[in-house]
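Protein sequence lines, in the order shown, are assigned to chains S and F. Using my numbering, the first residue of the first sequence is number 1, and each one after it goes up by one. Using my numbering, the first residue of the second sequence is number 1, and each one after it goes up by one.
Hints should not be assumed to be uniformly reliable.
[Unchecked claim] Here are the computed lysine-lysine pairs in the BS3-like style, where the Cα-Cα straight-line distance is at most 27 angstroms:
hint, chain 1, residue 1, chain 2, residue 2
1, S, Lys555, S, Lys361
2, S, Lys586, F, Lys156
3, S, Lys26, F, Lys452
4, S, Lys586, F, Lys164
5, F, Lys477, S, Lys74
6, S, Lys360, S, Lys586
7, S, Lys51, S, Lys498
Just so you know, these hints were derived from the structure itself, not from any lab. Treat the numbers as computed from the prediction; the structure is a model and nothing was measured.
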Amino acid sequence: MKLVFLIPAFPLLGALSLIFFGRKLKEPLAGYIATAAVGLSFIFSVVVWIKFLGFSGNVFVDHLFVWINTGSFKVDAALRVDPLSLTMVLFVTGVSTLIHFYSVEYMHKDIDFPKFFLYLNLFVTSMIILVLGNNMLLTFVGWEGVGVCSYFLISFWHERPSAASAGKKAMIVNRIADVGFLLSMFLVIHYVHSLNYSAIFAAGPSLAKTTVDAIVLLAFVGAMGKSAQVPLYGWLADAMEGPTPVSALIHAATMVTAGVYLMVRLSPLLALSPDVAHIITIIGILTAFMAAMSATAQDDIKKVLAYSTVSQLGYMFVGVGTGAYAAAIFLMVTHAFYKALLFLSSGSVIHGMHDEQNLKKMGALKVVMPITAVAFFTGWMAIAGVPPFAGFWSKGDVLVGAFSESWLVWIIGLFTAGITSYYMGREYCLAFLGKARWISESSKGKKKSSKKEDHGHVVDPHEPSFKMMIPVVTLAILALVGGLLNLPFASSLKFLDKFLTPVIAASPSYFHPSAVNQIALGVLDAVFAIGGGLIAYFIWSKTYEKPALEFTLFKNAWYIDKTGDVAIARTSTKLAEVTDNVIEPKVIDGAVIGLSKLVLAVGILVRKMASGFVRREALVIAGGLVALIIIGGLRGGL
Amino acid sequence: MTQSSLPFLTVIVLLPIIGGIVLAFLPVDRLAKYLGIALSTVSGILALIVMLLFKTGDAKYQFVTNHSWVSSLGIGWHFGVDGISLFLMEMVALIFPIILIATNDKSKNNTYSAWLLILEGACFGSFLSMDLFGFFLFFELTLIPAYFLIIGWGGKDRSRAALKFFLYTLFGSAFLFASMVILVVIHQNQTGVFTFDITKLVHTKLSYPTQVLLFLGFSAAFVVKTPIFPFHTWSPKAYSEAPTSGSISLASIMAKLGTYGLLRFDLNFFPQASYRLAPLLLTLGVIGIVYGAIVAAVQKDFKKLVAFSSLSHLGFVAIGIFAFSTIAMNGTILQMFNHGVLTAAMFLIIGMILDRTKTIDISKLSGLQKAAPVLSGAMIVVILASLGLPGTNGFIGEFLILSGAFIGHRWWAVVALTGVILSAVYLLWAYQRAFHKKAENSTSIIKDMTLKEKLYIAPLILLIFFIGFFPSTMLNKISPSVNSLIHHVRTANHLSSQTAFSSKPTDSTGYRTIQAVTGDKSGQKIVTAQVPTDRTNNSPYRSAVSVNKNTQIKTGNAK
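Pulled out of the complex, with its shape left as it was, chain S reads as follows (with noise of 0.2 angstroms):
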């Protein structure tokens, strides 16, 4: 297990080397080495996964050096394995390395080509640290690392104003909740003394409940950000301004679950601050509703996407906050697989579309791209919950915790499971079912001629080429079968349950329903899955028009972003410039040449000054002093 510094290493050696030889490797070398490294980087994992299951411990702690040390506040940079942090790495290297390979063939011909597999590796070394961390601080180094890879891939393509500033917002909205991680650990540096999770652990029974509450509130603050939780979620749907495997990798598989992954390993002080456990499960499932409700209206299709994943964190933080840990990773990793299939999907869609994103524009392409479509259909049938695809068993075990919670998050979160399947089914049948209405846009007559060149101008769909189906078809096999790591039927199927018992803390004892609950509370799942489904075929099939179903309130995200950016950014901007032309000048400068034409009485005095006088006597005082010093060198020092 001493090999674990290498699971980080590979994709950082990888990122070294772009940066320095990335401009002389060129296409496709540059994306294939990249590739590499993170593939490396799985194996990796996958062997220490393996040395793990003979581990007799339940923590392993590499320690590599000695990081920040003031005498009294000693911090190291530390690797710790363990089920959690193992579990993290897997899923986040192994759909990486997929993402990767898609990659290389979707970024063909971009100038920028081996900048983007750069950030792309810097971005997996920066996830790695932050799951391997063994300290909040070593955490928060992958949290800002993946950041502002975020940030940078967002505005891959700068040139474009939209991007440049989605980027920037992205950064920004991530500082902001940054500030409450930062607090959080100031407190637990303040009461801990030490930023080790283990040592937070322990002391955790013994520090006051406020400051507990405290600690974890803050830190999931900084969840909310990371996360895109409700208010601050608008930053990830401007996010889609990235490339398409950006967004299925970063903004939907690995880094936006940072902030799950946060509350789960800060799991053992959640279970003790009830309190703050509730405010995550009320936020999480009014994101998941609101963000759902905000999907059904878009015509974007990657921005369908992209509040179909917010509204999914919400689901994971009401696994989270009704102590369903296991649940909450569960759905993390399912989600992983499906959202990520869906992505890179609706990528070979815009790939093929001659980047048409827009689903009313769409129509018709199962006939064209049939393999897209079916791997498009089985992420829709994984995320809405539709048995046995994976999206049934995970969130049905977040529904299983929520209902032991209560009957009101419940039923919020069975209603938001239909609207899921409906939100899916509509974009489905925009794009694939219905008349092709591209035919129409594009220009009659050429249309033909264009079927020799693969990269006309005219819109001719196709299917991608076969290196960027194979990740899509093993991402669509895993959201088949994903289920598999953790059937609810016995507790012996459970294997993801097991696995991570030992680092989470234990959920709370109502949180094992009766068999025939369990029974029931699948079924009715199932039924709205499918419920959910079928209406959205019935409409969305036959017509692609239907404004008495697309909401404005839902189309501008319940106008959240909106009335923020009014009431903070232009506000903010209009106070910066008043202090900047009224404050600085008039009032504290102003003060100071007040206060000088006070002293200096005599202004005719300043005015002669201000020639020659100053420079004249400066060289004199200079002169002195030098001479001064010098003198007093000689006798002295030499």
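Following the hints, position chain F against chain S.
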């Protein structure tokens, strides 16, 4: 090597000054140019040797040279370096050669290099002097080369900017001079010895009102020099009118003379006044952080943006000084060095942009990233470091300052944290405006960094990451002196060192370390966890460390 064998510090201080004078009278410009670089590099290398020979774990002054200078006035040629001044010296040693290499293709090169060298020597002298009068001399001497650099090679409105800078700082120094003399006279009355020796003056007993007055007198000079809000109004103009070399000297080096003065003199001489007046300075620091960031956001002139951003960042340094926490003060010393590196890098890159596009008006720049990817890459690294991204030097400093301040001065730290958000706003916004978007005509054809530019910016970029990942290499040398200074202040105020988690490793109290040696085939590995002594067995969760029957358990105290 013993300390008396070579008067390192004397040479480090005098070499640039004497060299500067020689250069001023050299008729050949080219020779002056290379000689200037050579002299500052030699001084720099000597300073580097001092750092390598510097004994870690020693709080006292090292490399001390002490001779009488003006014996009738008790002024000594007295130099020494400790953990507080060591890296400030290194900062001077690092940045002046870079300035000289980067900017010395000016007209009148001999005088240009001469002023820079004299400035370098004066900065060395200020940081290293253990004699109060010596400090004052060097401190004032810095003013003159800086003034002439602005006057001689500055922008359009340079004379007004230089005058304002000169008069403003001179005004502050008047208070310093008066207070200094009063302090020395009081010391003479108490001991009968008239001396400017810092190590002796520390023992002067002062009544609290006297302390307050002298504290304010000393601080007047330092808050102007730094600058600390609201004494900053000379700086935006001076930074923007000065040539690149002048901006760097002012912002990255001379600003530290102010914060160094606060640390070295105010805290040592007037510990009680410093402690009781700390809320005032903390408040000014916090206002500076927020105010500087807000005003920086709407600046159009890149250099003025850096001026206000500096005001904001130096607010953190002020907080670190007056929080009286060892964590925060370690962070402050580190952050002073970091700020030097980052501001220098920032101004150098702005200088490159100015050379190419003839403007540093942010609203007139666009699309630089496409046109000059390497330059933009360097810029974004510097920006990320100054907004405190983990993995860079800026983060370590800010984090230590804020987490240390949080312990004793919670609400100041909380307000200061908004600086973390605001710095991201103004820096990324500026970057977006100047570097993103499509390149427009004037900026679309600029050259990327030349080899020379890459070479002189590289050490700064490397340091950003090196300190980000291995700050302990520096903190080990810094912390003993810092801890002893904090101890000095706390004992003078009759505070126990324990109260604010300051000098003792408190994590040993009440905790027991459990080490589980595990029999993994690939070798034994020790799993360590700290557990409160009374709760080892009955914790309600199983995560901290699970020990099963196959593991051996060793218990012992934490280090």
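Okay, the hints, checked on the actual structure:
no.	hint	verdict
1	S:Lys555 <-> S:Lys361	holds, 17 angstroms
2	S:Lys586 <-> F:Lys156	holds, 23 angstroms
3	S:Lys26 <-> F:Lys452	holds, 25 angstroms
4	S:Lys586 <-> F:Lys164	holds, 16 angstroms
5	F:Lys477 <-> S:Lys74	holds, 15 angstroms
6	S:Lys360 <-> S:Lys586	violated, 55 angstroms
7	S:Lys51 <-> S:Lys498	holds, 17 angstroms
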